[in-house]
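Engineer: If you read the protein sequences in the order shown, they are chains A and B.
Count the first sequence with numbering that gives the first Met the number 0 and you get residues 0 to 102, in order.
Count the second sequence with numbering that gives the first Met the number 0 and you get residues 0 to 231, in order.
If you're looking for bench data, these hints aren't it; they were derived computationally from the structure.
No residue lacks a Cβ here, since even glycine has one placed at the ideal position from N, Cα and C.
One or more hints might be untrue.
Said to hold, decoys possible - Covered by chain B, per the in silico footprint, the following chain A stretches (three or more residues, Cβ under 8 angstroms):
id	region
1	5–17
2	45–54
3	63–76
Unchecked claim - So the derived label-pair ranges between C-beta atoms look like this:
id	chain 1	residue 1	chain 2	residue 2	range
4	B	38	A	59	17 to 25 angstroms
5	B	100	A	28	19 to 27 angstroms
6	A	33	B	96	17 to 25 angstroms
7	B	66	A	8	19 to 27 angstroms
As the list claims (entries may be wrong) - Okay, the calculated bits of chain A under chain B, using three or more residues with CB under 8 angstroms as the criterion:
id	region
8	25–39
9	79–85
10	93–101
Okay, here's what each chain looks like letter by letter:
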Amino acid sequence: MTTLWATIIAASLGCYGLKLAGVSLPASVLAHPRVQRTAGLLPVAMLSALVVTDLFDTNGRYSADWHTLAGVGVGAIALRLGRSLVVVFLLAIASTAALRGVA
Amino acid sequence: MTRSAPLPEKAHIIRAAAGIGLYAGAFGLTFGAVSAAAGLSVVQAVAMSAVMFTGASQFALVGVLAAGGTPLAGLSAALLLGLRNAFYGVPVTGIVATRGALRGLTAHFVIDESTAMAVAQSGRRAGRYAFWATGVTLYLLWTLGTLVGALVGGGIDTSALGLDAAAPAIFLALLWPQLANDRARVVAVGAVVVALGLVPLAPAGLPIIAAAAVAIGIGLLPDRPRRGRQDR
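Just chain A, same shape as in the assembly (with noise of 0.2 angstroms):
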């Protein structure tokens, strides 16, 4: 059990850490319109990594769950048509779980 607290603890310690070090960096290097333009697409490039892995990576495998494809397709046309981020919430989770039920 101490291993685990400590585990959590230097994890803790480490997220928080790369956080601050984050909204740390000096107004200088901020300033600059290339740097400013980066940071608009970092987000843009890490939601698009999670999204592809959190639905094709299994522990360093390639492998999907065609429910949860589905569900998250539905998500997608729910976006398409403009719907709000609770709408697309809730239709991708009620369409993976309707689509496990019955199949």
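Put chain B on the given structure of chain A with help from the hints.
Structural biologist: Then chain B, alone, in the frame of chain A:
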């Protein structure tokens, strides 16, 4: 910051933050249940959500431990995934005041959702509001969801509820409005290719960090004068 002019985007931001809160509660429930199944106590699960507060890293740590991995392997995966929050600090600093003691507090709330919501707003003031509304709502419901999930433990079948679709659906919804220009779309496609390509080769977390290189590479490219089409 005592300007009292009404913020036109306020209602829209609150609705989106409430949606993210709902998702965070459900996703926290999943994390609590997974933690309990991995052998963590209720206090340990809740401490992770309240103090570590970065979902992907938490899932990675618990996942590695549940799969019988060493604490060091779990720690490395958590830190690799947490590294993207450092990158998020750059856009967040441009939007949210980060001086003095507030910087330490702001840092804690720098996560995917709060950053995405902040950068999606057109003005700094709306961005700041979106950052805090999203960050605080998500924090409270994520921690509460974790508590309930850890208490109920194996009693909930999160996959029967379709909750495995929650994270990718929300990340996609947050990504969507940011794909408005060509440069962003090129970054998204490049990030997908890099991340998927590295899945079998690199440890958990690295494919996502490598995707950041795509944003940095394309973001730092100089603007070229637009003289007709440029094929790449």
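Engineer: Work down the list of hints and note, for each, if the structure agrees.
Structural biologist: Taking the hints in turn, this is what the structure says about them:
no. : hint                               : verdict
1   : 5–17                               : holds (count 10)
2   : 45–54                              : holds (count 10)
3   : 63–76                              : holds (count 7)
4   : 38(B) / 59(A): 17 to 25 angstroms  : holds, 22 angstroms
5   : 100(B) / 28(A): 19 to 27 angstroms : holds, 22 angstroms
6   : 33(A) / 96(B): 17 to 25 angstroms  : holds, 23 angstroms
7   : 66(B) / 8(A): 19 to 27 angstroms   : holds, 21 angstroms
8   : 25–39                              : holds (count 8)
9   : 79–85                              : holds (count 3)
10  : 93–101                             : holds (count 7)
In summary, the structure agrees with every hint in the numbered list given earlier.
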